[in-house]
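Participant: Each chain, written out:
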Amino acid sequence: MQSIDRPSINPRSRVNLLDHPLHVMLVPVPIVCFLATLVTDIVYWQTAAMQWANISAWLLVIGLLFAVLAATAGLIDFFSEPLIRNLRAAWIHGLGNAAVIVLSIFNALIHTRDAYTSVVPSGLILSALVVAILLVTGWNGWTMVYRHGVGVRHKESA
Amino acid sequence: MKSIGLAAGATGVLLAIAGCGPAPIDPQRQMGANPYLPPIHEYLLPPMHVAKVVGWNGATPSAVSGLKVQAFATGLANPRSLYVLPNGDVLVVETGGPPGPVSRPKEIVMNWVEKTAHSRTKPGQRILLFRDTNGDGLPEQKTVLLDHLHSPFGVVLVGNDLYVADTDAVLHFPYSTGQTQITAPGVKLCDLPGGPIDHHWTKSLTASPDGTKLYAGVGSNSNITENGIQAEVGRAAIWEIDRATGAHREFATGLRNPNGLQFEPQTHTLWAVINERDELGPDLVPDYLTSVQDGAFYGWPYSYYGQHIDPRVKPQRPDLVAKAMAPDYALSSHVAPLGLVFYSGTNLPAHYRGAFVGEHGSWDRTVLNGYKIVYVPFTNGRPSGPAEDVVTGFLIDGDKARGRPVGLAVDGGGALLIADDTGNSVWRVSATSGT
Numbered sequence: 001m002q003s004i005d006r007p008s009i010n011p012r013s014r015v016n017l018l019d020h021p022l023h024v025m026l027v028p029v030p031i032v033c034f035l036a037t038l039v040t041d042i043v044y045w046q047t048a049a050m051q052w053a054n055i056s057a058w059l060l061v062i063g064l065l066f067a068v069l070a071a072t073a074g075l076i077d078f079f080s081e082p083l084i085r086n087l088r089a090a091w092i093h094g095l096g097n098a099a100v101i102v103l104s105i106f107n108a109l110i111h112t113r114d115a116y117t118s119v120v121p122s123g124l125i126l127s128a129l130v131v132a133i134l135l136v137t138g139w140n141g142w143t144m145v146y147r148h149g150v151g152v153r154h155k156e157s158a
Numbered sequence: 001m002k003s004i005g006l007a008a009g010a011t012g013v014l015l016a017i018a019g020c021g022p023a024p025i026d027p028q029r030q031m032g033a034n035p036y037l038p039p040i041h042e043y044l045l046p047p048m049h050v051a052k053v054v055g056w057n058g059a060t061p062s063a064v065s066g067l068k069v070q071a072f073a074t075g076l077a078n079p080r081s082l083y084v085l086p087n088g089d090v091l092v093v094e095t096g097g098p099p100g101p102v103s104r105p106k107e108i109v110m111n112w113v114e115k116t117a118h119s120r121t122k123p124g125q126r127i128l129l130f131r132d133t134n135g136d137g138l139p140e141q142k143t144v145l146l147d148h149l150h151s152p153f154g155v156v157l158v159g160n161d162l163y164v165a166d167t168d169a170v171l172h173f174p175y176s177t178g179q180t181q182i183t184a185p186g187v188k189l190c191d192l193p194g195g196p197i198d199h200h201w202t203k204s205l206t207a208s209p210d211g212t213k214l215y216a217g218v219g220s221n222s223n224i225t226e227n228g229i230q231a232e233v234g235r236a237a238i239w240e241i242d243r244a245t246g247a248h249r250e251f252a253t254g255l256r257n258p259n260g261l262q263f264e265p266q267t268h269t270l271w272a273v274i275n276e277r278d279e280l281g282p283d284l285v286p287d288y289l290t291s292v293q294d295g296a297f298y299g300w301p302y303s304y305y306g307q308h309i310d311p312r313v314k315p316q317r318p319d320l321v322a323k324a325m326a327p328d329y330a331l332s333s334h335v336a337p338l339g340l341v342f343y344s345g346t347n348l349p350a351h352y353r354g355a356f357v358g359e360h361g362s363w364d365r366t367v368l369n370g371y372k373i374v375y376v377p378f379t380n381g382r383p384s385g386p387a388e389d390v391v392t393g394f395l396i397d398g399d400k401a402r403g404r405p406v407g408l409a410v411d412g413g414g415a416l417l418i419a420d421d422t423g424n425s426v427w428r429v430s431a432t433s434g435t
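Here the protein sequences line up with chains A and B, keeping their order. Under this note's numbering, the first residue of the first sequence is numbered 1, with each subsequent residue one higher. Under this note's numbering, the first residue of the second sequence is numbered 1, with each subsequent residue one higher.
There could be a bad hint or two in this list.
[As the list claims (entries may be wrong)] Some but not every residue of chain A turned toward chain B, in silico, with C-beta under 7 Å:
| no. | residue |
| --- | --- |
| 1 | A48 |
| 2 | N54 |
| 3 | I55 |
| 4 | D114 |
| 5 | Y116 |
Hints in this document: simulated from the structure, not taken from any laboratory. These numbers were taken from a predicted model, which means no experiment stands behind them. For each residue, glycine too, the CB sits at the ideal point set by N, CA and C.
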C-alpha cells in the first residue's frame with residue numbers, strides 16, 4: 001500500500017557526508033552495544049562474575065554516547081524533510097528510539113550500583129525491554145530506507 | 001518537536017527521581033547499642049554530597065566548654081595518623097592512597113568527586129617527628145623520621161622496634177629513644193594485601209599489651225564485592241601478626257574497613273572503629289565502634305549489623321551469616337570513623353575517661369554527618385552512654401569543609417591530638433585551665 005504512495009522524489013537526509021546519511025552510519029554502535037548489554041547481563045545473572053556486569057556498564061555508556069549522536073542526526077533529518085515527517089514508520093522509529101535512550105539512561109544508572117543489584121533484576125529487565133523496542137524501531141527504520149528510499153539517491157541523478 | 005519535548009520531559013523526570021530518596025533521619029537514633037535500621041533504599045543516583053574544601057585561613061576548630069584548641073602543626077601534606085612515642089615525641093604520618101584502576105565508568109565520576117573532597121596538596125609519603133623542647137605542649141623541632149614510604153598509615157613502637165604499616169607490608173625499623181631520623185632500611189615483617197585495586201588502603205596498626213603480637217586492620221577491596229569476591233582474600237579483617245616470626249592469622253573477619261585499632265586500657269581488649277557499607281540509603285549502614293573478639297565474624301559482605309542480609313552480595317553465605325555478630329556501639333551512618341583513642345590521661349577534665357573517635361565525614365548523604373570528634377563514655381571497659389560532640393567547626397555554612405579529622409592520639413602532656421588531612425594540620429586539644 002505504502003509503496004503505491006511512494007513519491008517520485010526520495011526523502012533527503014540533511015545530515016550526510018558526501019551523500020552518505022550519517023544517521024544510518026551511527027546507529028549500528030548503539031544497536032550492537034544495547035544488544036550486547038542484554039547478553040552480558042544474562043551471563044552476569046547466571047555466573048555472578050563481576051566482569052560481565054562491568055562490561056555491561058561500559059556498553060551502556062558507549063551505546064548512549066553514540067545513540068545521542070545518532071538521534072541528533074536523525075532528528076535534524078526528520079525536521080528538515082516534510083517527506084520524512086509524513087511517514088508513519090518515521091514516527092514509530094523516532095518515538096521508539098527516544099524510549100530506548102530514556103530507558104538506557106535509567107539502565108546505565110542502575111548499572112552504577114554495586115554488585116548483584118546493579119543487574120538483577122531491574123537492569124536485566126531494562127536491557128531486555130530495550131532490545132524488544134529496538135526490534136520494532138529497527139524494522140521501521142529499514143522500512144523508511146528500503147520502502148520509502150529515505151536518504152537514498154535517485155538513480156537518474158547519479 | 002514532540003520527541004524533543006518528550007526527551008526533555010523524560011530527562012526532567014529522571015533527574016527528579018535521581019534526586020529522590022528517603023530524607024535522612026536524626027543521627028541520634030543510630031547511636032549506641034541498638035541503632036534504628038531503616039529499610040534498604042537503593043539509589044538510581046546516590047546523593048554525592050561532599051563538603052567543598054575551603055581551608056582554615058587562620059581559624060581553629062571549636063571545642064566544648066572546658067577545652068581549648070591550638071594548632072600543633074600546620075602546612076602539612078595530608079597528615080592522616082598520629083603516634084606518640086614514650087618520650088613525648090609526636091609522629092605525624094603524611095600519606096595518600098595509591099591510584100586504583102578504573103574498571104567501570106562510575107569510577108571516573110567517583111574519583112573526581114573524591115578529589116574535590118580532599119586537599120589539593122600532594123600527599124606526603126613520610127613520617128615527621130615533632131618535639132616539644134620547652135614543655136608548652138607545642139613543638140619547636142620538626143624532622144623527617146622516615147621518607148619514601150608506600151601509603152603508610154599505622155605506626156607502633158614496641159621496645160626498640162618501630163613498626164610502620166605501609167599499604168602493602170608491615171616494615172620493621174630499629175629505633176632508640178630520642179632518635180629523630182631513621183636511616184637504616186626497613187625490613188619487611190609481613191606482607192599485607194595491597195594493589196592493584198587497594199580500595200581501602202589504610203592499614204591501622206597496634207601491638208598487644210604484652211608486645212608479642214601486632215594487629216593490623218585490613219579494609220575491604222570494594223564497597224560491597226563489586227570488584228569480585230576473589231579480590232577480598234585476607235581483607236575486611238584484622239590480622240594478628242606474630243612479632244617474632246611475621247606469621248599471621250585472621251583474628252577477626254567481616255569488618256569492612258577497620259581503623260583506629262586500640263587496646264582498651266582497663267580490660268586489655270582490642271577495639272576498633274569500622275566504616276560500614278554505602279549506597280543502601282542515607283541511614284544505612286551505621287558505622288560503629290566495637291570490641292573485637294578473637295575468631296568473630298562481623299557480617300561483611302553478606303550481612304550488616306548482625307544478620308541483616310545485603311541483597312547485593314551473590315552468592316550468599318547463610319553459614320557465615322548465621323554466626324555474624326552485631327557490633328557494640330553504633331556511631332550513626334556514613335560518619336567515616338578513622339581515628340580512635342582511649343583517654344586515660346589527666347590533663348582533660350575527669351569527665352573524659354572513655355573513647356574519642358575522629359569522624360572524617362560523609363559523602364553520600366544529603367545532610368552531612370560526621371566531620372567532628374565525638375566522645376563515647378566508658379564504664380568498666382564498656383560504652384556507657386550517648387556520644388557527645390567534643391571538637392567541631394570542621395564544617396562551616398553547613399556544607400563547606402575547613403578540614404576533616406582522621407587519626408587521634410594523646411600526647412605526653414595528656415592533650416588530645418587530631419590529624420586533619422584536608423586542613424593539612426594537627427590540632428591539640430587541652431583543658432582550658434592548664435597546658
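Participant: All hints are to be evaluated individually against the structure, with a verdict given for each.
Facilitator: Taking the hints in turn, this is what the structure says about them:
Residue-level restraint check for A48/A holds (minimum Cβ-Cβ distance to chain B is 4 Å; threshold 7 Å). Proximity of N54/A to chain B holds as hinted, the smallest CB-CB distance being about 5 Å (cut-off 7 Å). Given the 7 Å rule on beta carbons, the hint for I55/A is violated: about 9 Å separates it from the nearest Cβ of chain B. Checking D114/A against chain B: minimum C-beta separation of about 4 Å stays under 7 Å; hint holds.
For Y116/A, the suggested interface contact is upheld, since its CB lies about 4 Å from the closest CB of chain B, less than 7 Å.
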